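Keeping the supplied structure of chain A fixed, place chain B upon it in accordance with the hints.
Given next are the chains, with one letter for each unit.
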Amino acid sequence: MSKNNTEVSPLKQKILILYSGGSALDSEIVAWSFFDATENKKMVTGDSDEPPYESVFDAMKDGWRVIQISPIQSFQPGTEYSTGYLKFEHVLEKITPTDG
Amino acid sequence: MASFVNEGYLRFDKIIPKKLSDKVFKELKKNPNHKWWLTSGKPFSEIWTNNVLGDIFRLPKVEGIIQSLVGPNPRYDHHFPHRVEPGKLEAQNWHADSIIDTRTKHFDIQLFFFPQDTPRQMGGTLILPGSHFRKVQESEISRYQNIVGQLPIVCKAGSLFVTHHNIWHCAQPNRSRKLRFMLKLRLNPTVRQINLWNTDDLNDPEIDQILMKSQPWTGVEGRIEQVLRIKLWRFLTDNQHFDSRYWLTRIENEPTTFFDNQQSGVYENKGV
Numbered sequence: 001m002s003k004n005n006t007e008v009s010p011l012k013q014k015i016l017i018l019y020s021g022g023s024a025l026d027s028e029i030v031a032w033s034f035f036d037a038t039e040n041k042k043m044v045t046g047d048s049d050e051p052p053y054e055s056v057f058d059a060m061k062d063g064w065r066v067i068q069i070s071p072i073q074s075f076q077p078g079t080e081y082s083t084g085y086l087k088f089e090h091v092l093e094k095i096t097p098t099d100g
Numbered sequence: 101m102a103s104f105v106n107e108g109y110l111r112f113d114k115i116i117p118k119k120l121s122d123k124v125f126k127e128l129k130k131n132p133n134h135k136w137w138l139t140s141g142k143p144f145s146e147i148w149t150n151n152v153l154g155d156i157f158r159l160p161k162v163e164g165i166i167q168s169l170v171g172p173n174p175r176y177d178h179h180f181p182h183r184v185e186p187g188k189l190e191a192q193n194w195h196a197d198s199i200i201d202t203r204t205k206h207f208d209i210q211l212f213f214f215p216q217d218t219p220r221q222m223g224g225t226l227i228l229p230g231s232h233f234r235k236v237q238e239s240e241i242s243r244y245q246n247i248v249g250q251l252p253i254v255c256k257a258g259s260l261f262v263t264h265h266n267i268w269h270c271a272q273p274n275r276s277r278k279l280r281f282m283l284k285l286r287l288n289p290t291v292r293q294i295n296l297w298n299t300d301d302l303n304d305p306e307i308d309q310i311l312m313k314s315q316p317w318t319g320v321e322g323r324i325e326q327v328l329r330i331k332l333w334r335f336l337t338d339n340q341h342f343d344s345r346y347w348l349t350r351i352e353n354e355p356t357t358f359f360d361n362q363q364s365g366v367y368e369n370k371g372v
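Going down the list, the protein sequences come from chains A and B. In terms of our numbering, the first sequence has 93 at position 93, counting the first letter as 1, and numbering is strictly consecutive. Just add 100 to the spot in the second sequence (first one is 1) and you have our numbering.
Everything labelled a hint here was simulated from the structure, so no lab data went into it. Warning: the hint list may mix true and false statements.
[Stated by the list, open to error] Between beta-carbon pairs, the in silico distance windows are:
| id | chain 1 | residue 1 | chain 2 | residue 2 | range |
| --- | --- | --- | --- | --- | --- |
| 1 | A | Ser-70 | B | Ile-351 | 19 to 27 Å |
| 2 | A | Glu-80 | B | Lys-278 | 44 to 52 Å |
| 3 | B | Thr-356 | A | Ser-70 | 34 to 42 Å |
| 4 | A | Gln-13 | B | Thr-204 | 17 to 25 Å |
| 5 | B | Lys-278 | A | Lys-14 | 30 to 38 Å |
[Said to hold, decoys possible] Here are the simulated BS3-like pairs of lysine-lysine, each with C-alpha atoms no more than 25 Å apart in a straight line:
| id | chain 1 | residue 1 | chain 2 | residue 2 |
| --- | --- | --- | --- | --- |
| 6 | B | Lys-205 | A | Lys-87 |
| 7 | A | Lys-41 | B | Lys-188 |
| 8 | B | Lys-313 | A | Lys-87 |
| 9 | B | Lys-256 | B | Lys-114 |
[To be verified] If the Cβ cut is set under 10 Å, some of the chain B residues that face chain A in the computed set are:
| id | residue |
| --- | --- |
| 10 | Asn-193 |
| 11 | Thr-204 |
| 12 | Arg-234 |
| 13 | Pro-316 |
| 14 | Ile-351 |
Given the structure is predicted, the values throughout are model-derived calculations rather than measurements. For glycine and all other residues, C-beta sits at the position ideal for the given N, C-alpha and C.
Isolated chain A, as found in the complex:
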């Protein structure tokens, strides 16, 4: 509700996290997660085998705004040949008006 009592549609966020195989934004997607506050649905692992986009750049062309890009990090001595979490994480958002 605004100051002059007119109805305002609340804005809610959709977050798409895309993990790419390389640091370039046009490299292939290897993993993804979707958190949609407009539908209040819980994330379900394993619900799709096909990435929603081929690359982060493709998602940008579809209107997703990039709000975080993984930095390219130097290796700590001794960890050059070890692997851990998915390396290139990109967080994207869409802001959507909702009914409340």
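This is chain B only, laid out in the frame that chain A set:
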């Protein structure tokens, strides 16, 4: 074994007879809260000596699998009967079991036993082949939803999946009307895991192809994963000279000989 090193799991379809699988299902249903953890560290030979759960893991074929991976006389770590109610639509988050395991050579195995037919509608467990080298803290990977190459375990009753302890996995929703069980058992080695399996074909050129097969989700880290596989294969076969595609030989090349300008030859530096 090369496939296990690359993928982090082996599958054995319908390896347990149906009658025995049915008995296990009934036992799990009847006694879902039976004790676990309490005997951690005991020789596995002393566990379930008079119980149908022991019967499945003492079948000669299954004992052969266990011995090939962790050797004779493994230790019991723990077990857990995973029960997923019919109509449970929530999935478990991705995780790797236990805390951060920094071992790079020795490994435990986890035996995932499916006592009933497990179609995709029922789940079962989702695993990520090739994830076992990743050093992660248990459920810190829970932000991930889908990963290219993820493998839902869909199998017939009596199937057994044997994984490296560190493989990423998560239970899937059970959209069927049937109760689903999966019994997981973790075993620790008590011997060095060197040449424990039938190594007659150790020189088969196919081993190289199996070890080097790419996992579709590793991106630019794919070659690092290949190096990690070569290192584990060296340990398992007790062959520190094993290499594939020259990856390790190249970066381990630190010559100890000096070039002598006057003699136009090389000599070994004995002082180094």
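Each hint, compared with the structure:
no.: 1; hint: A/Ser-70 to B/Ile-351: 19 to 27 Å; verdict: holds, 26 Å
no.: 2; hint: A/Glu-80 to B/Lys-278: 44 to 52 Å; verdict: holds, 49 Å
no.: 3; hint: B/Thr-356 to A/Ser-70: 34 to 42 Å; verdict: holds, 40 Å
no.: 4; hint: A/Gln-13 to B/Thr-204: 17 to 25 Å; verdict: violated, 41 Å
no.: 5; hint: B/Lys-278 to A/Lys-14: 30 to 38 Å; verdict: holds, 35 Å
no.: 6; hint: B/Lys-205 to A/Lys-87; verdict: holds, 23 Å
no.: 7; hint: A/Lys-41 to B/Lys-188; verdict: holds, 15 Å
no.: 8; hint: B/Lys-313 to A/Lys-87; verdict: holds, 20 Å
no.: 9; hint: B/Lys-256 to B/Lys-114; verdict: holds, 6 Å
no.: 10; hint: Asn-193; verdict: holds, 6 Å
no.: 11; hint: Thr-204; verdict: holds, 8 Å
no.: 12; hint: Arg-234; verdict: holds, 5 Å
no.: 13; hint: Pro-316; verdict: holds, 7 Å
no.: 14; hint: Ile-351; verdict: holds, 9 Å
Hint violations for this structure: number 4 only, all remaining hints satisfied.
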